[in-house]
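This is what each chain is made of:
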Amino acid sequence: MREPLAVKGLTYVCLALFVVMVAVPLFWMVTTAIKTNKELYEDFSYLPRRPTLQNFVRVIERDDLLTNIRNSLAVALTTTAITIVVSALAAFSIVRYRYRGRELIGRFILFKYLLPTAMLFVPLYAIVTALGLGNTLQSLMLTYLSFTVPFCTWMLMGYFRSIPPELEEHAMVDGCTKVGALMRILLPLSAPGLVASAIFSFTLAWNEFLLALVFTVDQRTMTVPIRLSMMVVGDQYIWGQLMAGAVLDSVPVAILYFIGQRFVVQGLAAGAVKG
Amino acid sequence: MARPILKTRREFLTSASLAAGATAALSFPAPAVAQRPKLIYWCYQFLKESDDARANFAREWAKKNNVDLQLSMVPQKEFLPKITAAIEAKATPDIIESNAVELRARGQLLEVTDTYRKLEKAYGGWVGNAPKFMVEPGGQVHHIVYGFQGFMLITRDDLVRDAGLKPPPATWVDLLEQAKKAQKLPRVFGLGIAVSNQTDSQVWEDMMKSYGARLADDAGKRVILGDHKREVWEFLDYFTEVWKSGVLPPGVTTWDNTMNNSTYQAGKAVFVLNPITVSLWLEVNNPELLAKTGHYTYPRGPKGLIQPVTFGSRAILKYTKVPELAKQFLWDSMEPGKMDREYSVSQWGPPLNAYRAFDVWKKKPFMKGLIDMSLRGEPQGWPDVFNDAWREQFTNTTISRMLQRLVVDNWSRDQAFVETLDVLNRIYAKYAS
Amino acid sequence: MATRERSVAVATAGIGPAVGRPRRLTTFHWESLQGVGLLTPTVLILLGLVLYPFCYAIWLGFTDKAVGSAGSFVGLANFRYVLGWPGFSAALVNTAVFTVSAVAIKFVLGMAVAVVLNQKIRGRNFFRAFLLLPWVMPAFVVYLVWRWLYDPLSGLINYALLDLGLLASPIAFLSERSTAMASVIIAHVWRAFPFFAISFLAGMQTIAQELYDSAQVDGASRWQQFRFITLPSLYHIIGVVLMLSTIWTANAFEPIYLMTGGGPSDASVVYTLLAYQMGMVNLRLGEAAAVSTLFLPLLLGLILVVTALLQRKAN
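Chains as they are written, first to last, in the numbering used here: chain A, 1 to 275; chain B, 276 to 708; chain C, 709 to 1023.
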């Protein structure tokens, strides 16, 4: 359908506004990352006078940030993978089966978020140490599930509910098992929900601070946010390195977001329902 | 059409298993080295070169003594959450370098009186009030001070002299005069002191005490500030004058503990009160500015000089499985040669007399003031008793909040004073039993 | 179309699938067991990692536990102390103000961004990734950068406004009572709106294009299409997102801690700061737990209000 010019124009204007809004602080971050330490304390300038990559070099070589990025990736990917599987099964169970108590769980699963991590981290740490997982990445992978699974379950519950069960019933008549129908029919149709859940899980795990701070002890086990926070040392901010680290930290996630977007095609669900 | 999704899932599962596998490989425990004792050391992180010096020493020490060392750098502001969780989960380190006083009050530390006495004998005795910080009423010692630290008056000597005056100012009133005359608005402000909810703002409490006010009685149990209304009002007169004169830069009501550093380092303040971490930064990043900087002890108030010092100390948690080894570490880490190297990149003043002979005092003249500060400095809070109640009101920045009520919320003095007394009474009442 | 309407009706009525299909008893039992089995991992997670710490945390509020010492039961002492604390009412008000304003703004902005990103625009994939970046970075980096942007002596915002002639002298945005809370909210919205945008976008992407096309043929304006097609399809997501965001925003700690420390004075103190001060700084876990517990009713209240509003809209 042809779009009226006014609407198209408005869309692009809004887009431009949003881009500028997001870009300004990011611009400041990037330009700070390429300034020398000395220049940061000189008079204000919009652009760096003597751009340099030494902050990036220092952060990679001296502070070994790539190890921490690798740690963050391992934790975030594993957490996300487990979350998607567990949440999809749980959502499927609540929406497509009948047994006592499922409505209750479905309704109250989100109440978990009432509790701030600040209230829970001490007993969580006790559990983690009791399991012998102190100072490991696995401790994070396990505990992060407690805040990714509830939301993803809810999201997928909504998606599954909005897809008519007839499709699965037809498949089962054709010889497919119930769980098989989940894999072959329901999940593909819930692609946007899966992607959104994956993004949500990944980002939460990537950025989480308090639990990572308490559970990991040495530099080689740390995730990126903790490592970066150590650049806020005492009563000085090491701005250049901090921003360089932050830029490096954003790159893997931005790439994953970009790739993830490609797996959602608008109207995918519509085609399947109609057909 | 449905294929792309399975590809995603497969992709996710593949990458996840790769990641999980990588993690498993990463955290595969090193084959147990037979019979090597293990020492867990939480190293205080505050200043890069200083932290590195301590960490490197620890690693060499571990190699020399065939110890399996687990070293963590713990930023000072993150220490408390970590140690809380560690204690509750029974997964504690052996050696710690932060908040020993709080942990001592909670009975978490191992007694180290023998190490204390050994150091005293070997290195010429303790300096200034060091024993007061370490020895408890019953004679026991639970932590070893390795350096004094305190705020100094860091001054742009060049700007003050350009204004025809001679640094340092002798009294707080002189400070205001010099600040007013030497500042170069709108770029350079006279005085960079926070009036916020962060502890750098607590210099105002020291100032108030130099006007003769006291928070609590000599036992440290009952709040008597209410009896000192006259002195407080005199101090508030001074504060109001400072505020109205415009020597304080905009934004001081939400300054955190880094802002006075960065303001001075950017050349935007004439006077700041801070540990010499500022100067150490300048040494590396802006030596020209360091050359123009003077370091002095606090100005006096009408009723005397209040120069508080705090300290860095090392302690052993009582849960340690290697008490003798830990004490050995404490002893070895106080060795003068090692300390000389560490002091040259740190903001510490000497707690032991043997340290006063270090090279660093000659090589870096701007650090000489630290010796003076160590000799004369009183425990934080003096003349109030340095106890749990005082510490809680300190971290609560009670006096600074009173000042903020005046200039941010336009409360009357009586209103603000009544609220302050209420808060102090509640805090002290909690610990009175 | 009929299929879609029916599924919507089924979903909103909350009735399970396959109503009226005859089942043999054994099949039924096996099915429910299978269902329960699929749910088990989630239940385990909830019990072990959520319920147990939660109960522990509530119990803490009734003890005088400080770090390292076993706490003893003190009844309501902590609660009385916290309620009597001079800063408590300010924390209550600020938390409510911060939460309501921030969530409202994030909702509108997130929805607008989602609508734009749902259109056929050039480079859509790139923009979808780019506009989500604020959410990607560690929170403390974001808030430190914003703090710097707001700085009166060296911050970009003041310099730009001065250069453009819109200001005569710098404003200390974070240090004046009148602007502190708003400034924190703006920084927080910048960081957190992508959560709304992603969720809404995900919902919008399942709406069939045919619906819009036929509405256009029927002469509906874009705004009408949004109101009558887009919004209704998003009710479930809107509900979840609003509820979650309300809770998270009310529990926000870093934006305020890093940018103003609760200041100036008590202009931006929220309850999490109070809990932090009492628990982490003063090492009195009992008091901190009491603060958190006291705010649960407030959070529950906010949630109930949100869910009630949504129920009304759905009916």
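Rather than coming from a laboratory, the hints here were simulated on the basis of the structure.
Hints may contain errors.
Claimed, not checked - Taking lysine-lysine pairs in the DSSO-like style, the calculated list, with each CA pair at most 30 Å apart, reads: (1) A:Lys-38 with B:Lys-455; (2) B:Lys-593 with A:Lys-112; (3) A:Lys-112 with B:Lys-638; (4) A:Lys-38 with B:Lys-352; (5) A:Lys-38 with B:Lys-323; (6) A:Lys-38 with B:Lys-638; (7) C:Lys-828 with A:Lys-8; (8) A:Lys-38 with B:Lys-365; (9) B:Lys-396 with A:Lys-38.
What the hints assert, rightly or not - A few chain A residues facing chain B, derived, Cβ under 8 Å: (10) His-170; (11) Val-233; (12) Tyr-237.
Claimed, not checked - So the derived label-pair ranges between C-beta atoms look like this: (13) B:Pro-461 with A:Val-251: 35 to 45 Å; (14) C:Leu-869 with B:Asp-634: 30 to 40 Å; (15) B:Lys-338 with A:Ile-60: 23 to 33 Å; (16) A:Arg-220 with C:Ser-929: 34 to 44 Å; (17) C:Asp-871 with B:Asp-433: 55 to 65 Å.
In this text the structure is predicted, and so the values were computed from the model without any measurement.
Where a beta carbon is used, it is the ideal one built from N, C-alpha and C, also for glycine.
For each hint, the structure was consulted:
no.: 1; hint: A:Lys-38 with B:Lys-455; in the structure: holds, 28 Å
no.: 2; hint: B:Lys-593 with A:Lys-112; in the structure: violated, 36 Å
no.: 3; hint: A:Lys-112 with B:Lys-638; in the structure: violated, 59 Å
no.: 4; hint: A:Lys-38 with B:Lys-352; in the structure: holds, 26 Å
no.: 5; hint: A:Lys-38 with B:Lys-323; in the structure: holds, 17 Å
no.: 6; hint: A:Lys-38 with B:Lys-638; in the structure: holds, 24 Å
no.: 7; hint: C:Lys-828 with A:Lys-8; in the structure: holds, 9 Å
no.: 8; hint: A:Lys-38 with B:Lys-365; in the structure: violated, 45 Å
no.: 9; hint: B:Lys-396 with A:Lys-38; in the structure: violated, 45 Å
no.: 10; hint: His-170; in the structure: violated, 15 Å
no.: 11; hint: Val-233; in the structure: holds, 6 Å
no.: 12; hint: Tyr-237; in the structure: holds, 6 Å
no.: 13; hint: B:Pro-461 with A:Val-251: 35 to 45 Å; in the structure: holds, 39 Å
no.: 14; hint: C:Leu-869 with B:Asp-634: 30 to 40 Å; in the structure: violated, 51 Å
no.: 15; hint: B:Lys-338 with A:Ile-60: 23 to 33 Å; in the structure: holds, 27 Å
no.: 16; hint: A:Arg-220 with C:Ser-929: 34 to 44 Å; in the structure: violated, 59 Å
no.: 17; hint: C:Asp-871 with B:Asp-433: 55 to 65 Å; in the structure: violated, 30 Å
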